[in-house]
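Please build the complete structure, drawing on both the sequences and the hints.
Read off the chains here:
Protein chains: 2
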Amino acid sequence: MNNFVYINEVGPRDGLQNQKKHLDVESRVKLIRSLAQAGIPGIEVGSFVSPKAVPAMVGAKEIIQALNDIEYCDLSVLVPNMKGYELAIEAGAKMIAVVPSATETMNQKNINMSLEDTINNSCEILEAAKNNCSTRAYVSVAWECPYEGIVNETHVISIAEKLLHAGANELIFADTIGAANPSSVKSLLSKCVSEFGATNISAHFHDTRALALANVCAALETGVRKFDACIGGLGGCPFAPGAAGNLATEDVCNMLEQMGFKTNIDLDDLNAIVDMCSSDFDLNLGGRMTPWLRKSN
Amino acid sequence: MNNFVYINEVGPRDGLQNQKKHLDVESRVKLIRSLAQAGIPGIEVGSFVSPKAVPAMVGAKEIIQALNDIEYCDLSVLVPNMKGYELAIEAGAKMIAVVPSATETMNQKNINMSLEDTINNSCEILEAAKNNCSTRAYVSVAWECPYEGIVNETHVISIAEKLLHAGANELIFADTIGAANPSSVKSLLSKCVSEFGATNISAHFHDTRALALANVCAALETGVRKFDACIGGLGGCPFAPGAAGNLATEDVCNMLEQMGFKTNIDLDDLNAIVDMCSSDFDLNLGGRMTPWLRKSN
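Here the protein sequences line up with chains C and F, keeping their order.
Numbering (numbering that gives the first Met the number 0) for the first sequence: 0 to 296.
Numbering (numbering that gives the first Met the number 0) for the second sequence: 0 to 296.
Don't read these hints as lab results, they were simulated from the structure.
The list that follows gives simulated cross-link-like pairs (lysine-lysine, DSBU-like), each with its CA atoms no further than 30 Å apart:
| id | chain 1 | residue 1 | chain 2 | residue 2 |
| --- | --- | --- | --- | --- |
| 1 | F | K93 | F | K51 |
| 2 | C | K108 | C | K51 |
| 3 | C | K51 | C | K82 |
| 4 | F | K185 | C | K261 |
| 5 | F | K185 | C | K190 |
| 6 | C | K185 | F | K261 |
| 7 | F | K19 | F | K108 |
| 8 | C | K190 | F | K261 |
| 9 | C | K261 | F | K190 |
| 10 | C | K185 | F | K190 |
| 11 | C | K185 | F | K185 |
| 12 | F | K82 | F | K51 |
Computed footprint of chain F on chain C; a stretch qualifies when at least three of its residues, placed anywhere within it, have a C-beta under 8 Å from a C-beta of chain F:
| id | segment |
| --- | --- |
| 13 | 178 to 185 |
| 14 | 209 to 221 |
| 15 | 251 to 263 |
What follows is a set of in silico ranges between Cβ atoms, one per label pair, in the way DEER data are often shown:
| id | chain 1 | residue 1 | chain 2 | residue 2 | range |
| --- | --- | --- | --- | --- | --- |
| 16 | F | E256 | C | H21 | 31 to 41 Å |
| 17 | C | E194 | F | V24 | 54 to 64 Å |
| 18 | F | Y146 | C | E89 | 52 to 62 Å |
| 19 | F | D281 | C | E194 | 51 to 61 Å |
| 20 | C | K29 | F | D281 | 34 to 44 Å |
| 21 | C | K190 | F | N1 | 23 to 33 Å |
| 22 | C | E194 | F | K261 | 26 to 36 Å |
| 23 | C | E89 | F | N263 | 56 to 66 Å |
| 24 | F | E256 | C | K19 | 30 to 40 Å |
| 25 | F | K261 | C | E115 | 31 to 41 Å |
The structure presented is a predicted model; accordingly, all values stated were derived computationally and were not measured.
All C-beta atoms in this analysis are idealised placements derived from N, C-alpha and C, irrespective of residue type, glycine included.
Shown next as structure tokens:
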């Protein structure tokens, strides 16, 4: 069993997009550099979404360009459509992510498109990206949708299959509203692992019901070794009622190290970044670990 | 695999003993009645410790007597020594708990006794109780001691064996400072289950590193089906530096129900009790679930 767990930090995108306080480009570049220096192997640095819809994400191009010297960390950007994809490539992005949702209503509410169009749109981007950059493909609301309830596993797997067939280098199953539990995580991901292999699979958990860490443990048992996490447990999703707080990077790294897994991430550095988010950036943090524990470590 | 999980509520003892605000006997009786009415099958209602050492626990006798009409719930009291045991029996207690720690230093710091004397003392109480009441025997700091670090599994099992031999009806392995992780939980408890069977084994987790729910999942996989939990995640241990926040009853019940286990506990009732602890009793709560989720359910 592989002992290394790959953490993809989504704080600079998923974490910051929903904060009342917006960080300028310079602050986000500083945050991302600190995260990369702490040893995090992958970071989602921003998204090419409409500045009107998500004003906190303005400046993705400038961020990519300010970080183009970083070689040791996979820096990805979210692209919502072909236009966003083209802007990302133009800016020099080496890795992009598409984020279709698994249900009709969620896609309608989130991006005003049908499920079919959303999947086709994502597949077109993945096809176009084949010779230009690496690709990550999310399946959002993979367990439960705030509008449609429990999502059918076979349906989720069939979407994942299409995305993989279109060229996705990695599939990320996302519990967008934090409604999955260790049993449902094990059920879906074990099927995904036997269908697609564990290497290309990642999971993205929210901590709404305090189950994110337990869900990571359940996913580890299926063989999955890649997880999204978010410094300070920042975040939520502005378009998903019920989404609150991502899995905190410092919480999951601490758990993994205690369990004997390796992350290559420096926990002291992480804790210093959490403090920086709280003090310098005045962000509203959501991590679960007793704060004095972070400080005394 | 047995689908029913037995929750033993320790809020009125472990939860309240460390709060700045002390609840009077009447308030504690009100809290315990509400918990029993919510369907919780076991409640630790107090302890016969020195009122000087733990002033919040004054009135254990009055509490037992005020609750002597309750038949459908196992009400237990902690007894630190033979004197406490005798007072408990005199008061009419039907179930007592002894709480020896697994390490020399923890016993010295906690109750000023050697490890050997503590175990002998606990065994004497268990022997004396055989014809008088049911008994629960904890092994505190079963995974890690704040003074001695990681605790040897064979050592923990040998203590458990002595307690069982002396007549303990139930063994509770306690992660007193919240330092266990899902791997170490699975390791110790799977050995305990194969040694003693799952029926008599329970686990007590603290949430210091946000791992209590993940640790419950790990314990469930070993076959353990009994857990201590604490309404509102109250608590900690006044004598154990590093102990902070018990596993919250509402969090674990929500997780178990979502996973398809049965607890017989009414989640709406539990949430109302959490609100009561916060508003009427002005207690400092530590549960992990997003508060609005509790309210909207």
